[in-house]
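All chains should be built: construct the whole structure from the sequences, respecting the hints.
Number of protein chains: 6
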Amino acid sequence: MNENRVLRIGIPKGSLTDSTVDLFSRAGFALNVSRRGYYPSIDDPELECIMFRAQEMSRYVEDGVLDAGLTGYDWIRENGSDVHQVCELSYSKATSRPARWVLAVPIESKAQAIEDLDGGVVATELVNVTRQYFEERGLNVKTEFSWGTTEVKARLVDGIVELTETGSSLLANNLRIIDEILSSTPRFIANRQAYDDPWKREKIESLAVLLRGASEARAKVGLKLNVARRNLKKVLKILPAELSPTISSLADEHFVAVEVILEAVVERKIVPELQRAGASGIIVYPLNKVIP
Amino acid sequence: MNENRVLRIGIPKGSLTDSTVDLFSRAGFALNVSRRGYYPSIDDPELECIMFRAQEMSRYVEDGVLDAGLTGYDWIRENGSDVHQVCELSYSKATSRPARWVLAVPIESKAQAIEDLDGGVVATELVNVTRQYFEERGLNVKTEFSWGTTEVKARLVDGIVELTETGSSLLANNLRIIDEILSSTPRFIANRQAYDDPWKREKIESLAVLLRGASEARAKVGLKLNVARRNLKKVLKILPAELSPTISSLADEHFVAVEVILEAVVERKIVPELQRAGASGIIVYPLNKVIP
Amino acid sequence: MNENRVLRIGIPKGSLTDSTVDLFSRAGFALNVSRRGYYPSIDDPELECIMFRAQEMSRYVEDGVLDAGLTGYDWIRENGSDVHQVCELSYSKATSRPARWVLAVPIESKAQAIEDLDGGVVATELVNVTRQYFEERGLNVKTEFSWGTTEVKARLVDGIVELTETGSSLLANNLRIIDEILSSTPRFIANRQAYDDPWKREKIESLAVLLRGASEARAKVGLKLNVARRNLKKVLKILPAELSPTISSLADEHFVAVEVILEAVVERKIVPELQRAGASGIIVYPLNKVIP
Amino acid sequence: MNENRVLRIGIPKGSLTDSTVDLFSRAGFALNVSRRGYYPSIDDPELECIMFRAQEMSRYVEDGVLDAGLTGYDWIRENGSDVHQVCELSYSKATSRPARWVLAVPIESKAQAIEDLDGGVVATELVNVTRQYFEERGLNVKTEFSWGTTEVKARLVDGIVELTETGSSLLANNLRIIDEILSSTPRFIANRQAYDDPWKREKIESLAVLLRGASEARAKVGLKLNVARRNLKKVLKILPAELSPTISSLADEHFVAVEVILEAVVERKIVPELQRAGASGIIVYPLNKVIP
Amino acid sequence: MNENRVLRIGIPKGSLTDSTVDLFSRAGFALNVSRRGYYPSIDDPELECIMFRAQEMSRYVEDGVLDAGLTGYDWIRENGSDVHQVCELSYSKATSRPARWVLAVPIESKAQAIEDLDGGVVATELVNVTRQYFEERGLNVKTEFSWGTTEVKARLVDGIVELTETGSSLLANNLRIIDEILSSTPRFIANRQAYDDPWKREKIESLAVLLRGASEARAKVGLKLNVARRNLKKVLKILPAELSPTISSLADEHFVAVEVILEAVVERKIVPELQRAGASGIIVYPLNKVIP
Amino acid sequence: MNENRVLRIGIPKGSLTDSTVDLFSRAGFALNVSRRGYYPSIDDPELECIMFRAQEMSRYVEDGVLDAGLTGYDWIRENGSDVHQVCELSYSKATSRPARWVLAVPIESKAQAIEDLDGGVVATELVNVTRQYFEERGLNVKTEFSWGTTEVKARLVDGIVELTETGSSLLANNLRIIDEILSSTPRFIANRQAYDDPWKREKIESLAVLLRGASEARAKVGLKLNVARRNLKKVLKILPAELSPTISSLADEHFVAVEVILEAVVERKIVPELQRAGASGIIVYPLNKVIP
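Chains A, B, C, D, E and F, in that order, give the protein sequences. Per the numbering used here, the very first residue in the first sequence carries number 16; after that it's consecutive. Per the numbering used here, the very first residue in the second sequence carries number 16; after that it's consecutive. Per the numbering used here, the very first residue in the third sequence carries number 16; after that it's consecutive. Per the numbering used here, the very first residue in the fourth sequence carries number 16; after that it's consecutive. Per the numbering used here, the very first residue in the fifth sequence carries number 16; after that it's consecutive. Per the numbering used here, the very first residue in the sixth sequence carries number 16; after that it's consecutive.
Just so you know, these hints were derived from the structure itself, not from any lab. Be aware that a few hints might be false.
Lysine-lysine pairs mimicking DSS-like chemistry, simulated, CA-CA at most 27 Å apart [said to hold, decoys possible]:
id: 1; chain 1: E; residue 1: K235; chain 2: E; residue 2: K157
id: 2; chain 1: C; residue 1: K249; chain 2: C; residue 2: K284
id: 3; chain 1: D; residue 1: K249; chain 2: B; residue 2: K157
id: 4; chain 1: F; residue 1: K125; chain 2: D; residue 2: K235
id: 5; chain 1: F; residue 1: K125; chain 2: B; residue 2: K125
id: 6; chain 1: D; residue 1: K249; chain 2: D; residue 2: K235
Computed Cβ-Cβ distance ranges for the label pairs, DEER-style [unchecked claim]:
id: 7; chain 1: C; residue 1: N189; chain 2: F; residue 2: P60; range: 47 to 57 Å
id: 8; chain 1: B; residue 1: E103; chain 2: C; residue 2: G95; range: 56 to 66 Å
id: 9; chain 1: C; residue 1: K157; chain 2: E; residue 2: D212; range: 18 to 28 Å
id: 10; chain 1: F; residue 1: K157; chain 2: A; residue 2: R20; range: 36 to 46 Å
id: 11; chain 1: D; residue 1: V21; chain 2: E; residue 2: R245; range: 30 to 40 Å
Quick caveat: nothing in here was measured; it's all calculated off a predicted structure. C-beta: ideal position from N, C-alpha, C; glycine also.
So this is what it looks like as structure tokens:
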């Protein structure tokens, strides 16, 4: 009897909380995070949620305090945690690019390559990864833990290793990137013992399917159009080759309806072309989940 | 001529405001609540909105200040208001379970059953319902009105009657539930005279159809998939029996498209099974309104 | 080679920011506005965004600091800017009515018509348009620039010219409208030189298609229903005449599926009628974009 | 041995919290209220603090849950609580006038005197006091409890009874005062049994001295000046007769220093006169406590 | 009879509001500004307060809407208002230096002197003063009104004229100061007619004395010490020459008490010296008002 | 020439920022911290301020990035920093007790003594001090770094080491203290080289005198009273023996004025006794600085 079994999962506390709630909502779960609570409720009695900072999540998954959790690849590496990485997730359209940890120096610094930091001091929140990075390159760089607002410290030490998505906050602080240390994406991870338990593994895998489907859906849209049969070929040629559109007959036999799921960045490119090719009644609609 | 007729409805002020705006939006209305206004605008000249606390809504509907309003069953009972209950509404996925008013005592209290509170004092916001509850059971319990943060008072008096959805805030305050006093869901209510006026009744009933449709849609999703005709039976068997999926033919005659509306909690269970049964191109999309 | 070409567009800072982000999201772009940044990121390397107040946007488009931008017709007029108006946009369901700049006086004022303000003082943020308005009517009214909270000043001077959408904030301040000065809707505007550059013009026009499609979609929904062939006519008659619904055959040949895109305000009216005409399985779903 | 004895006092939660903390600080206590805590810490081991709404404070003092507490005379009356009123306190310069509960109607109402409300409905938070007020006058007025924002309801019922300090929020809502129902000031109250216990009574009385001294000091200032002996009489005549200034000799025997404690509203009046009378080096300084 | 006479004064709305309330409090008035109100209450029936932005204050004083008001010299100049400047006020220790409007360019700009901006565009909130500045120097610079966040525009036009107190926000935006346009301090101003009315003039002058006294007191402290008569000379020599300390005899005839009012910036310098010169029991206390 | 010399000091960022600004203000400095700035301005050209988290302050002082700084003893120890501790400071009345880092376990835990944690896991922000603590006692306890909200983790690991001032937040989380690990107070620290530089040392020492004087003054008040000469002895006996009150003669020779500086906690005790002993005109006033 599995009715009373429960999977304990870690929800990231902080800047990722809102998009995690949204991800679970698309996946079909009502995850309810109160502002000061650490035990969000969820409408699945087989799940129990606890909030942790992304920075420490993998340690609690490794220790077995959690069966599974969501965190970033960067912090798994920083903690050196031995966990099973179930799948990668892309969290939002805005951050679908991987986050990058970069080594940066003040614009006016003489350092042009990482070798120029030899003998210097670097501040970062990602201490272990950074130390390893310099050691592997045979460089003697003192790496100090920075409690937040690292970019402000770039002028007080020799350089910093900081997270950047677009590079714009580095620019705003007049910093220059010298190298990329680590590229990171969100991950759904599991404790190794938990993953060996058949019931837990199935629960983890189902959750992975739903979360991945929800994650995929963020960057995609549904597109529907009507087109005269004689123009169908032209229209189909505009659609990316790898897609298999659903073509359905309409009451008016001269026309068919074409429906396809595609990347939003593609959709916004081809819509004008489709119009020119004779498509009409084009609509684009949002998706909760896409499972190919 | 009905052109100048207006239905006056009460919108709940407070924690329900945001989800009410969302409910009206799905129902097809742009309800616009400014942060300090008490007269939200709405894009239907036949509607006039006024905000009241859910606690006092039913009194103003009973008195005829309002023709109709949204509030909870608990406060209708507390006020003992004589109003017409047009329909029940479920407000959100997260709170689709009814809210429960429970009698709770400190974990360390000796009270195990309600009889143990005889001669004691209980604090609550729901004074009348609580008094009646004890009276019906022949118990002599002094019931005092509590101005908020009732759970903090549990250790100062003998027990409290407090609202709970998941029981987690009771737990956080180390309280133990002894009994459930009342279970409550949101209601759309109408003034009895207003409901006897033909024009108002029709307006109220139309609104009820739209609000219920919107309310239903919150817990549901649309699911679409393609499947080879030979696998259709297998796929249909996975879908809950009571659903009647829309099956449409595709250009490729070996395949059909299946579309169905179902509960999100069901959908998240069967998606992996559908995949295994040969379904492809599964997408899940959100709904504004569902009218069966 | 156009790969490195960039179009610089102005995003309105202030009350329109959130709905602009939403508009771009529906249009298919991830526009990312950080709370204090003036250079929002966007996932299209051919676009570069800068934030300006709607009030000054058209001046920077005219000067060529920006190639294009989003602002209101009122501020284009106020600045007297010579720009190309690419298209009109409706920003949200709640504000799909044009915003109106009205001349208002205290309820108790003796002024009944604009002539009664001759020789008086009027406060407004829209100084130039207001001055021109009075001059054209041969009236001598001193028009003073008001730094915000103009409605409070109505009792200190003789009248104000203020923006209103529903008239409710005027009412709350006990003001009475005497005349409408200007009606305004959001506009997508372009610098004249930029619009003459073929690459920029194409980029601007594509953006216009997507933004207009997204803007249209806000007030519209998709509606789908099943109906027996014998009832089809009845159902079709209920739908607004100008719509061309997509009718598709179902597996059960006695039934067809009808799908149509229509205004939300229409949909909420006809849903009960459709039900009475024999339609079943009615669902309403949200749209990102509608291109007729 | 009294070392382990403790007096339990109630601190008002809500709009009075900040000024209560300030009052205790002037009185010499570090009262530390965390944002969500209900048990503020205080640097006196003989005191234990609990937070309650002013509205319910007197009930908990009467019941003995608290030994003493700070609340308003209005809520003592509303609850009909049998408590010992230790002393009156004035809470701040800004609110040194008593708060008034007034019966108000819309400006445009026909009601001119309270008799005109006979047979009508009045909304208020102060239900019991209001009911008694109408009963004593032989008027049949239905008095309904209002959950906040009472002034908005004035146009939905016949009148309201609402708290006002300056009358300005009534004005902003276009209401007109018909009568004053109750005038109220803050009170330090004690449970009757607690007050009969000698140790508690002494503790309560000491606290009362300190709180009153701190409360007095808010509206007062210290004033110091130098004056030639020959002008002393003139200067003394300007000072309010009932004050006994401290006159001290200076090194320069022709001059004396005059120091006096007086009301801030008096001080601001006489400072220019003192200057004209020959006083120099006038300084005004703040006070924590004044015990005459 | 002057009892019903009222002086109408303008209180600056915005960043100066809090320090104005503090200034009035030190001056002896309880000025009570609610968050959304425009008519703050004050505990002097002869005063009536209205809030305006500092930017427009002088215009309403000039027009007679207000009898007097507090604003900055910069905005009096910008509006070209003909008002009586009653006195200068320094608002706080932190901002006791005058605010400076400076012409700034990006660090990397080629412009080194104001002549280099000839033919260019400058953005500023202080349009009129800036125009006049360039005209007086015979330079042709287009001066555009900037709606806030001017420093962000420095790279979009040729330069900006912006307010700075410490220069640090210019630095943070990598701007370089080329010239100072205007130096400004807060002023208490009066309408010319109002100032000619004897009752109003006396009220204005009294207010000026109190506000100036309060304003002076912010940068000053009281210092008291005991010293043996034989060391008195040494101690007195350390005190700034222009001060006349109050020396009073003590019970112990060998000692005297010295009391003096002095600038905080001086006090913090000489305290260690006083200690070395034999002073003991040194205390420093805050002041509400200082009238020399 | 020292005119251009500058001392660089670190200001703690976070919960201590407000009280540090207040401390500097009492000390005589206008320290101006903008919400997002890291370089607060100060009205002393010989000082330059930078903000750091208290947790990392001592590292930057040790490295010489800063000449001096304010932080807690706990973080000096945690970082193992070799710095000169100039003086101890007490930061506020409310927190004049040292902060304590305690080892705590859930109330229901079996652990009663630290030995019971042998072999277990402990979460804390103070990793190094905690590790050393267990090592010195020969216990094998895995100490993990906790990113905030440590008290929530107490039930996930075996125990926590957390900061507490009153023990109340531990209580709220149902934790029990097993031992005190470290007691900590704020410190003013200096870099060793900087302290060897004569100019910097003098600047640091002067600052220390002022900050200590300001720090002392928080817990103290000035008390002044008048008393008849014949009662003087009685009054003096009530005052703590170690104080030397300033007694000054009054114009009325039968009376003297007594003035004394004393602890607020003492003052609130003796005020009633002084009254009984014949003292009159008792006033208590706040102090900025006390240098004995």
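Unmet hints by their number, sorted upward, for this structure: Those not satisfied are hints 1, 3, 4, 10, 11.
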